[in-house]
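Novice: As you go down the protein sequences, you meet chains D and B in turn.
Taking the working numbering, the leading residue of the first sequence gets 3, the next gets one more, and so forth.
Taking the working numbering, the leading residue of the second sequence gets 33, the next gets one more, and so forth.
Some hints could be false.
Stated by the list, open to error - Listed below are several chain D residues computed to face chain B (Cβ distance under 10 Å; list not exhaustive):
1. A482
2. V635
3. R636
Stated by the list, open to error - Computed Cβ-Cβ distance ranges for the label pairs, DEER-style:
4. D605/D <-> S60/B: 53 to 61 Å
5. A103/B <-> D625/D: 38 to 46 Å
6. D625/D <-> S34/B: 26 to 34 Å
What the hints contain is simulated information worked out from the structure, not anything from laboratory work.
Predicted, not measured: the structure shown is a model, and the values here were computed from it.
For each residue, glycine too, the CB sits at the ideal point set by N, CA and C.
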Amino acid sequence: MSLLPYLWLVPALPFLGAAVNGLLVRNRHKGLATAIGVGAPGLSLFVALACLWEFLHRPGHAPFELLLYPWTAGDLAVDFAFLLDPLSAVMLFVVTFVGFWIHVYSAGYMAREPGYRRYFAYLNLFMGAMLLLVLGNNYVVMFIGWEGVGLCSYLLIGFHFDQDVPPKAGRKAFIVNRIGDFAFLIGLFALFASFGTLDYDKLNMAILANLELARAPFCLGLSLAGFVALCLFVGAMGKSAQIPLYVWLPDAMAGPTPVSALIHAATMVTAGVYMVARTNLVYQLAPGVLLFVAVIGALTAIFAASIGLAQNDIKKVLAYSTVSQLGYMFLAAGVGAYIAAIFHLATHAFFKALLFLGSGSVIHGMGGEQDMRKMGGLKSHMPATYRTFLIGTIAIAGIPPLAGFFSKDEILASTFAGGHFVLWAVGLLTAGLTACYMFRVVYLTFHGKFRGTRDQEHHLHESPKSMTVPLIILAVGAVAAGWIGIPAGMWELAGTEDRNLFHHFLSPVIATIPGEGGTGHALSHTAEISLILASIGIALAGILIARRAWGGGRGVAADESIAKAAPAFYRLLENKYYVDELYDRLFVRPLARLARFCWKVIDTVIIDGGLHVVAFLTELTGDLGRFTTTGNVRQYALYFFAGALALFWWMIF
Amino acid sequence: MSVPILWYLLLAGALFAIGAFGALTRRSGIAVFLSIELMLNAANLTLVAYSRLLGDRTGQMLVFFALAVAAAEAAVGLALFIGIYRLRRTIDVGRMNLMRW
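Bound conformation, chain D alone (with noise of 0.2 Å):
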């Protein structure tokens, strides 16, 4: 029997979860919501790990299509249809498992929330609409998940509505993903103009049988190519946080921590590099447009990194670093290393999630503290925690055989080996400081001596069962997931053939274009060996720093030290380069100023005015002319005879 065409379910159980919990389940029955909350997203990992088994048991990885509704329009044919090939493949295993387990946590997270079983609702919306995302097979039903789960992005990170700050947040992810969704739109539109298609098969063949009108100029001085992958990628930058329209997700922190493990971490945020690597070829095809994503990736990823370094908010430093990764992604995508940037994002989803899941159980335990400055010494008083964040942060930092270690390092190799040394400093700098505000934050939270409130020491506790074991399981990937890529230099050491299964599995996705060289990398295996020493060494670097600075119960000494010392900088990168403040001027109060010109100006005056113009004039020529009704009939007579008289007059003279 075959489970491919059950395919289906996998998004179909969560959006029914949501259905369910959404619509008829009251608030009282929280056993019920338990049960389809996290039974909804169980169900549809089971589907998915049986499908994802009969796939990786197919000859040759043959894509599967799964056609369930066609739908045409004139010209129009955009069928709902799934595609299960190996991209789509990695996404769905990365989004059923480390959402099932985050869905797993919330359980335990969220069990004294009075909106309890909304956010289950919204959670399995976000699955479905993710879901939506990673398995269309073609760019419509990407963009319906691509809004979904924007939406559930902003339902989510103004979950506490009745708070100050996190409808605001929301709304500043919606209206800056707008921005970026738009671009998307237009790419899409140029795409179907030009290529008559949006299926993602059918669009690379006719790119192929066409390359002549791909390269031909389309508009602002950029090929058709180039022009789509700059719209496609301007999307990119506002579901994935880049530079310039990363300044939500920071914010995005304003919901509750699982939430921004999941979609502001793990899944959401990735999908901009999914889409890019899904739209490789016509990448390829505009290497301009590549290099200006490599750039704002490398650019986004020192920048993001910088920052976190001088936050003391857990979350916000976790927030930076998502962007920060996210920028190694795109870093990845722009020198063609599509492969290691899915890479990165699959094992960037593990730790990430991790991380973000053992700050919420350290936020959990100290009653809802986020300020590393009053966190300090936990590790005694929450150990699996404690052991999971350490791992997690180990692999952030890129210390082998930890899952960072392999897709940061096949990053910074792809990008050395591209020729963009610029680029490879650039990342490697900002590996050293991955490791090393990433172990301030360790030091800072696990190490030293509590520095909270008498209070908030008595309340610590480890975290509840439904909290530790995702945080151990995730812990798990976060070593293992690497394994599944290491790379061919490693395999040469070792005396063996060839054995980097990713890279082996996922090949057939990107696509070639006739009459030029592949993307691949052309090597050494002793020059890949160096990168990856140089890559162990600055992490090694970036950890001895933290360990200096922060270690052996310094803590927030150093901080303070460090703000007296170059008190101009931290102040900068304590206030996040002022980013915010700028768009607030450059951006924000100018639109506010011409919606309140709009509203004081064109709307109360000139078109109420206008408006109120006719209304007088209509009135007053009323008033006049009601002083001829008397209500005297005679007098009705005499005007009667008068226009008579007059009427003839006029036809005989």
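Fit chain B to the supplied structure of chain D, relying on the hints for placement.
Specialist: The following block gives chain B in isolation, referenced to the frame of chain D:
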């Protein structure tokens, strides 16, 4: 030798002017009504006169219709005045001024 058409027209014009004057000046609804009848008959007279001048009977036929309609109208009109009188104890048209602002 027949009466010249002008005489008929002058008579009809005089009747019409008297009727118009009466309709505009009299207060009593019945008197206004009578004046209107006078104007109507002035019109009838011109119709008959022209009919005779042109040797065409259509005009005379029209007059019969007009008379019949006038009779019906008189009946309805008088009934209305009786009704108004019962309601308001007067048929002074100057005091029937409900239809105004």
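Novice: Now tell me, hint by hint, if it's right for this structure.
Specialist: Okay, the hints, checked on the actual structure:
1. A482: 90 Å, violated
2. V635: 5 Å, holds
3. R636: 5 Å, holds
4. D605/D <-> S60/B: 53 to 61 Å: Holds: the Cβ-Cβ distance is about 60 Å, inside 53 to 61 Å.
5. A103/B <-> D625/D: 38 to 46 Å: Since A103/B and D625/D have Cβ atoms about 43 Å apart, the given range 38 to 46 Å holds.
6. D625/D <-> S34/B: 26 to 34 Å: 58 Å Cβ-Cβ, so the 26 to 34 Å window is violated.
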